[in-house]
Amino acid sequence: MTQAANTYEELSCQELVELVTDYLEGALPAELHERFDEHIAHCKGCQAYLAQMRATVRATGTLSPESLSPEAGSALLEAFRGWRHESG
Amino acid sequence: MQSEAQLVAALRAGDEEAFRKLIEMYHAMLVRVARMYVSNQATAEDVAAETWLAVLQGIDRFEGRSSLKTWLFRILTNRAKTRGIREGRSLPFSALEPDEPAVDAERFHGADHNWPGHWASAPPSFPEERLLAAETRDVIERTIASLPPTQRAVISLRDVEGWSAEEVCNALTLTETNQRVLLHRARSAVRAALEQYLEES
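Here the protein sequences come in this chain order: R and Z. If you read the first sequence in the numbering used here, its first letter stands for residue 24, the second for the next number, and so on. If you read the second sequence in the numbering used here, its first letter stands for residue 168, the second for the next number, and so on.
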């Protein structure tokens, strides 16, 4: 802890959780990315948190995309036929 | 699987099957995105339906400079914004929802502790087999449904539909930063709901 504080102030876990999405998106500035990695390397809690976030993204990815309702589908097809008729 | 150029050509020729394919792929998402700008579901559906008509009427002018998907969502967002303004709504990103912490402050040590801001107790890990159970997926779906419309649209496009960040920014005319802020809030909310659900049961 004190060693890291010599070079720059260490991230707290509370700060880190707000950076996780930018981290996963590869959007953190290089210096902050490094501080993130250094924190994670020795912090079990944040390792667990990052794993939770990754698991969350993975689980969300297994949802089925929302499907078209039959009512909306037939109304749209009706409109399509009207358009085709008009445009000849 | 038809290519986009083939779909466009078929649509120009008045092929109903091509149109059916497109509405199956995109209509539900169009409604969800429109809901970011307008006040209710019926108006959002209305705007999405208008968008399809505009697409059909403009398909001869579509030059393929952007992808069909981007073009489609651009038409939608323009219309939805106009409709939202007419409804007297402020645009969603000029008024981002108040900043909620990703994790409840109580989970961290306070300022009087030796290690302020560090975990009071480490977060539990999510058991893989439970994560993919049908009930868990229901929890995720319900949580996404309860999010503000902007966050809901972004997490659906990114994490459910698998769009890239760039595609979402283009289609919704969001800055990269706003896109990430919205994604962060949405994912954080889903994570918190999952943690609570998996701990309770």
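Treat the hints with caution; some may be incorrect.
[Unchecked claim] Chain Z side only, calculated, beta carbon under 7 Å to chain R, not exhaustive:
#1 G181
#2 E191
#3 I242
#4 N245
#5 F275
#6 G277
#7 A289
#8 P290
#9 I307
It is worth saying that the hints were derived from the structure and are not from the lab. Given the structure is predicted, the values throughout are model-derived calculations rather than measurements. For glycine and all other residues, C-beta sits at the position ideal for the given N, C-alpha and C.
These are the hints, each one checked on the structure:
1. G181: 4 Å, holds
2. E191: OK, holds: Z/E191 within 7 Å of chain R, min 5 Å.
3. I242: Hint on Z/I242: violated, closest Cβ of chain R at ~15 Å, above 7 Å.
4. N245: The hint is violated - Z/N245 has no Cβ within 7 Å of chain R, the shortest such distance being about 19 Å.
5. F275: Since the shortest Cβ distance to chain R is 5 Å, the answer is holds.
6. G277: Violated, because the Cβ-Cβ distance from Z/G277 to chain R comes to roughly 10 Å (cut-off 7 Å).
7. A289: Result: holds, 4 Å to nearest chain R Cβ.
8. P290: Holds - the Cβ of Z/P290 comes within 7 Å of chain R, reaching about 5 Å at its closest.
9. I307: 6 Å, holds
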